[in-house]
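Undergrad: Below are the chains, spelled out letter by letter.
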Amino acid sequence: RKEVEQDPGPFNVPEGATVAFNCTYSNSASQSFFWYRQDCRKEPKLLMSVYSSGNEDGRFTAQLNRASQYISLLIRDSKLSDSATYLCVVNPRYKLIFGSGTRLLVRP
Amino acid sequence: EAGVAQSPRYKIIEKRQSVAFWCNPISGHATLYWYQQILGQGPKLLIQFQNNGVVDDSQLPKDRFSAERLKGVDSTLKIQPAKLEDSAVYLCASSFGLAEDNEQFFGPGTRLTVL
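For the protein sequence lines, the chains are A and B, in the order given. Position 58 of the first sequence, counting from 1, maps to 48 under the numbering used here, and the rest follow consecutively. Position 114 of the second sequence, counting from 1, maps to 95 under the numbering used here, and the rest follow consecutively.
Any given hint could turn out to be false.
What the hints assert, rightly or not - Only some residues are given here: those of chain B computed to face chain A with a beta carbon under 10 Å: (1) Thr12; (2) Tyr16; (3) Gln22; (4) Gly23; (5) Lys43; (6) Ala74; (7) Phe77; (8) Phe86; (9) Pro89; (10) Leu93; (11) Leu96.
Think of the hints as simulated: they come from the structure by calculation, not from any bench. Please read these numbers as outputs of a predicted model, since none were measured by experiment. Every residue, glycine too, gets a C-beta built ideally from N, C-alpha and C.
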């Protein structure tokens, strides 16, 4: 079983749509959680951290369920520029464990 | 602020040859990471340095891969001899420290093709 599992997609949505990605992780000792964004042939960049209470950054909302070991990312009012791969990341101890990513395509 | 620098950006070699990658982290960042990203997968940590000491190299194939960070700044990653399955993007990242909320900043990567 992979340490971090994500649906690879692609999710193909129209502009303005709301889309949600989920991931599960296996290491219950994980302490911190993140979503990274990776554009095609570019390096990953931090999108947002994920907190137990849930957190929002503009159109993006992240949720963490420690009991179910489940992380989610919600994107509202999708833009063409949101097209990218979204990587779910957990940090069990001083290192990042990446999922394989979920690809999002936003069409006009 | 300058980001993480890596060179070369692209490298094509034949199997059994050797190759080396270079990384210069963000100034003042004590922690440096090397990741391997195979097409369609997320980055996988190969080795992590804190200053010039190794924190974690549990996933580094030590029979062919080596890395060093002699002066606690720049780092090199070497593969000798390369195999076909080493074809990947090698990403270097750095962070201010080891704390879990320290953001990791990635360089543009070196795309390696082994023929």
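Undergrad: Are the hints correct? Go through all of them and say.
TA: Results for each hint:
1. Because the smallest distance between the Cβ of Thr12(B) and any Cβ of chain A comes to about 8 Å, under 10 Å, the interface hint for this residue holds.
2. Restraint check, Tyr16(B) versus chain A: the minimum CB separation of about 8 Å is within 10 Å; hint holds.
3. Nearest Cβ of chain A to the Cβ of Gln22(B): about 5 Å, under the 10 Å cut. The hint holds.
4. Interface restraint check: Gly23(B) against chain A, minimum CB-CB distance 3 Å, threshold 10 Å, status holds.
5. Look at Lys43(B): its Cβ only gets to about 17 Å from chain A, farther than 10 Å, so that hint breaks.
6. With a least beta-carbon distance of about 8 Å to chain A, the hint placing Ala74(B) at the interface is held under the 10 Å criterion.
7. Restraint check, Phe77(B) versus chain A: the minimum CB separation of about 13 Å is more than 10 Å; hint violated.
8. Taking 10 Å as the C-beta contact cut-off toward chain A, the hint placing Phe86(B) at the interface holds, the least distance being around 8 Å.
9. Checking Pro89(B) against chain A by beta carbon gives a least distance of about 6 Å; that is within 10 Å, so the hint holds.
10. For Leu93(B), the suggested interface contact is broken, since its CB lies about 14 Å from the closest CB of chain A, more than 10 Å.
11. Annotation: interface hint on Leu96(B) violated; nearest CB of chain A at approximately 20 Å, more than 10 Å.
In terms of the numbered hints stated before, the structure departs from hints 5, 7, 10, 11, listed from lowest to highest.
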